[in-house]
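Novice: Numbers 1052 to 1146, taken from the numbering used here, label the letters of the sequence shown in order.
Hints were generated in silico from the structure; no laboratory data involved.
Fair warning: there could be bad hints in the mix.
To be verified - As a list, the in silico DSBU-like pairs of lysine-lysine whose alpha-carbon atoms are at most 30 Å apart:
(1) Lys1143 x Lys1097
(2) Lys1084 x Lys1131
(3) Lys1103 x Lys1078
(4) Lys1105 x Lys1117
(5) Lys1078 x Lys1144
Keep in mind it's a predicted model, so treat the numbers as computed, not measured.
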Amino acid sequence: MNSYETIIIFNPELTTEQVGESLEKIKTMISAKGELENVEEWGKRKLAYKIKNKFTEGYYVLVNYKGTNELLADLDHGFKISEDFVRHLTIKKEV
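Could you build the full structure based on these sequences and the hints that come with them?
Specialist: Below is the structure:
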């Protein structure tokens, strides 16, 4: 398994409870197919530029985990089809 770090920007229009529910789904998905290492909630922050021509801020969360390419593909697909996420970026960490 490889180590990954994903930064997620949640839709700022979501309530804290909705962000928590979406984050729990992500944690469950990672735990089912990999190993969750750390989750840091950075909170709502101003964006450097507008995303999707409407969002000027977002709720940031950093997730560190170990997983397979299959897990990475599943997470990426989930981020793309859900309206809860404004943007995400995943990097492979060097071991």
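Novice: Does each hint hold? Answer for all of them.
Specialist: Hints and how they fare:
{"no.": "1", "hint": "Lys1143 x Lys1097", "result": "26 Å, holds"}
{"no.": "2", "hint": "Lys1084 x Lys1131", "result": "19 Å, holds"}
{"no.": "3", "hint": "Lys1103 x Lys1078", "result": "26 Å, holds"}
{"no.": "4", "hint": "Lys1105 x Lys1117", "result": "33 Å, violated"}
{"no.": "5", "hint": "Lys1078 x Lys1144", "result": "19 Å, holds"}
Against the hints set out earlier in the document, a violation occurs for number 4 only.
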